[in-house]
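J.: So you can see what is in the structure, the chains are spelled out below.
There are 2 protein chains.
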Amino acid sequence: MIEAMQSRLEVEDLSRSVAEVQRLLGDAERLPELRRRLDGLHPADIAYVLEALPHEERLAVWDLVKADRDGDILVEVSDAVRESLIASMDSAELIAAAETLEADELADIAPDLPPDVIEEVVQSLPAEERERLRAALSYPEGSVGALMDFDHVAVREDVSLEAATRYLRRLDELPDHTDQLFVVDREQRLRGTLPLGRLIVSDLDLEVARVMIPENVKLYPEDAAEDAASAFERYDLVSAPVVDASGRLVGRLTVDAVVDYIRQRSAESQLAEAGLQHEEDVFAPVLDSFKNRWAWLAVNLVTAFVASRVIGLFEDSIAQLVALAALMPIVAGIGGNSGNQTMTMIVRALALGQIQKSYWTKLLYKEIGVALLNGVVWGTLLGALAYLFYGSVALGGVMALAMILNLVLAASMGVAIPWIRARRGRDPAQGSSVLITACTDSGGFFIFLGLATIFLV
Amino acid sequence: MIEAMQSRLEVEDLSRSVAEVQRLLGDAERLPELRRRLDGLHPADIAYVLEALPHEERLAVWDLVKADRDGDILVEVSDAVRESLIASMDSAELIAAAETLEADELADIAPDLPPDVIEEVVQSLPAEERERLRAALSYPEGSVGALMDFDHVAVREDVSLEAATRYLRRLDELPDHTDQLFVVDREQRLRGTLPLGRLIVSDLDLEVARVMIPENVKLYPEDAAEDAASAFERYDLVSAPVVDASGRLVGRLTVDAVVDYIRQRSAESQLAEAGLQHEEDVFAPVLDSFKNRWAWLAVNLVTAFVASRVIGLFEDSIAQLVALAALMPIVAGIGGNSGNQTMTMIVRALALGQIQKSYWTKLLYKEIGVALLNGVVWGTLLGALAYLFYGSVALGGVMALAMILNLVLAASMGVAIPWIRARRGRDPAQGSSVLITACTDSGGFFIFLGLATIFLV
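From first to last, the protein sequence lines are chains A and B. Each residue of the first sequence is one higher than the last, beginning at 11 in our numbering. Each residue of the second sequence is one higher than the last, beginning at 11 in our numbering.
The following block holds chain A by itself, in its conformation from the complex:
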């Protein structure tokens, strides 16, 4: 739906408008003015403002928003903020908000709604919409089915462009992101697509089948969203038809859903790398934040504890040569950093599907080559520093050798961990950073202290 009536904010105004909302909130007399201003904002902008406000201010603004826009805004806000808004609403409000949404939007927020609300809303839907909602909910997260909508316009292949245009005029308005019509046969099987641009510039007497593009990207609901996103990116698509196994048109995927998906995935992988389980509301209560973060800290604790026990094995050596305690974290740290470099590059290439089976060995050799070069450069430097500080050539030599060996270990693990995870069909990114750091910490301590025990003590 084209929203001509609502003004859209220039890019740089958004943050200013949050500050404005804050100011108006503080002054009870100006609440009607605030309400008027909120009414003038696009739902996505209200979502933005809500996300940027702490809990109490957020709920105060939420109360001021017209109830008939609640649904649109709930679709736009982040998962974490949606939870806090839904928690503040009663069943009647939620049902009213949900009823303003289309099936695919409803499916997006359904996981956050109480079961009785969903039940009630489903009852009130017309049969076709209910079927669509059921379909949308049946596809797993991360599939094309979960992202698609049902707003496509289909025309038959055997009609003239003139007839197709007459049909469109009766619709009054085309759904958002209609850059092309989907062409189907009598059985609703997809035959091709007809870009609006072609419809406009072509002779109206021609038959749709003559003007359409017969061969083009089509998707299946079971396709991975990631693959669909990559097709949108490679072929610069605005929309693509989604068909079932028998080739019947069931929905469409549009670029706005793809953009949201890409953003969210990149956010998730960034958060996961830092050890957060979900997107976190910046203003979440302390306990919620704790719950979001404890799991990875616990994992980290276990790996740190293992590394600590490795050091424990060599306490006698450290007691005899206390310099080892000061030097060992350097060996472990550089190894972790270097291993993460290797792994990040490989995980990215894997995600882009760029590593063929036959190239893994080649990659491993290459990474070991980089590790040896790094090891010689930094190992020599650090060995020299160790010699300068502690006056022992042997200690410098052990330092340099340990550095080289730990970097080779890091490179091997940086290739092996994503390889193993990918072969097992797991996401190679998830938790890889923790795993590799665990290897290079424990491994680095073991190599350095082991060599020191052999050669120095």
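The set of hints was computed from the structure by calculation and includes no laboratory data. On a predicted model such as this, the values are computed, not experimentally measured, just so you know. Careful: at least some of the hints might be erroneous.
One copy or two, it doesn't matter: identical chains are merged, so the pair holds either way.
Stated by the list, open to error - Pairs of lysine to any residue residues, derived as SDA-like cross-links and limited to a Cα-Cα distance of at most 25 Å, are as follows:
#, residue 1, residue 2
1, Lys372, Ala70
2, Lys367, Phe399
3, Lys301, Val418
4, Lys76, Asp437
5, Lys367, Ala29
6, Lys367, Ser25
7, Lys372, Leu69
8, Lys76, Glu225
Keeping the supplied structure of chain A fixed, place chain B upon it in accordance with the hints.
T.: Relative to the frame of chain A, chain B by itself:
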């Protein structure tokens, strides 16, 4: 341009087709078949295949690709792979390839071309295109001007839809991603936009000015690409007009350029976090990889060395109580992990523009609250473990207290580092992870060993 003739690959076929290319490459007699297959591929798919092949195979395939498609493919490949392809071409080939491109595409690959090639190509351009190229090159990376193209269709506000449609028919084909026409006055100033969907469903006798959307998103070439991307995401745009300071239409931004930008930015931030300076070709020579990675390893080396010197300060204490050496990495490691969690969340919120000036103190208190909770939970657990292993209550107590203090330090730094960087107008993400780990390592060692020296030794 709509490319009906080139078949597009189903999502899951791409990786298979790389394997296919590999197989055909191995057999000299089947090279003509390989050439035919490559001719049938979309430029973006050829780019994909090239990126997935090691250096020699890549150049062999590159030789087989028809020369008139070189330009399109160079635009599609990643920066790292583009360099390797351009290095294999002579000036004449490069000029021929560059001449097939439009001004905005040319601007994208210009940084990788030798100066004499650019010179030659610029000479051969018609005046208008030359001016466009100059404009496109004049905007800094990361601005709307650097992403925009010049392929918009503009109509005058005072003509009828009928006349507008007649004008469009004369164009034969509309530029890609034309979801709307831009409406201008006699001075080329932007007056509004006319979605194709509206044009199709509206009465052709109406004037453009009556049907257009007068108020809508418009961008300036100087706007940050990040802000424009956020507007595309919030308002679900396919295209947006770009105007100069006097409101004259100068170009347009399309969603495909925005998607590429988002992907690239997310890749860059992922790579930067792991300490890679640029996107790296998986099959890059060892020396290229070393160059891409050494800078961050050097930074890491310096911070690790500082941490090592902090430990050096307490060598006497460690010599007396060697358990300290085994326990200190735990305190440092958990602090680093926890600080990274805090910082990642704040950097993300900052990038989304969600943190108002007035909320920083609130945030700091909240994060210190989370840190105290974490500190009590994990500190107690680790203190108990330390007691179990070393039988000293005092050691357990020092461990727990050090843990709490280092987590509070981590939380404070996790808020302070992005805050300071943002205030200075720097990218808060860049290198933050290294900075915070440096604080929590040196800080963690100092706190733990310091407390131990006071209470235990």
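J.: If a hint holds in the structure, say so; if it does not, say that too.
T.: Hints and how they fare:
1. In the homo-oligomer, the alpha carbons of Lys372 and Ala70 lie at most 25 Å apart only across protomers (18 Å), although the nearest pairing inside one protomer, at 60 Å, exceeds that limit.
2. Within a single copy, Lys367 and Phe399 get their C-alpha atoms no closer than 47 Å, and across copies no closer than 46 Å, so neither meets the 25 Å cut-off.
3. Taking CA atoms no more than 25 Å apart as the test, Lys301 paired with Val418 passes between copies only; the shortest distance there is 18 Å, against 37 Å inside one copy.
4. For the identical chains of this complex, Lys76 and Asp437 are neighbours neither inside a copy (42 Å) nor across copies (37 Å), given an alpha-carbon limit of 25 Å.
5. For a Cα distance limit of 25 Å, the shortest separation of Lys367 from Ala29 across copies, 9 Å, qualifies, whereas the shortest one inside one copy, 54 Å, does not.
6. Taking CA atoms no more than 25 Å apart as the test, Lys367 paired with Ser25 passes between copies only; the shortest distance there is 10 Å, against 48 Å inside one copy.
7. In this assembly of identical chains, Lys372 and Leu69 lie within 25 Å of each other by CA distance solely across copies; the values are 17 Å between and 57 Å within a copy.
8. For the identical chains of this complex, Lys76 and Glu225 are inter-copy neighbours only, at 23 Å across copies versus 46 Å inside a copy, given an alpha-carbon limit of 25 Å.
The structure does not agree with the numbered hints 2, 4 stated previously, though it agrees with the rest.
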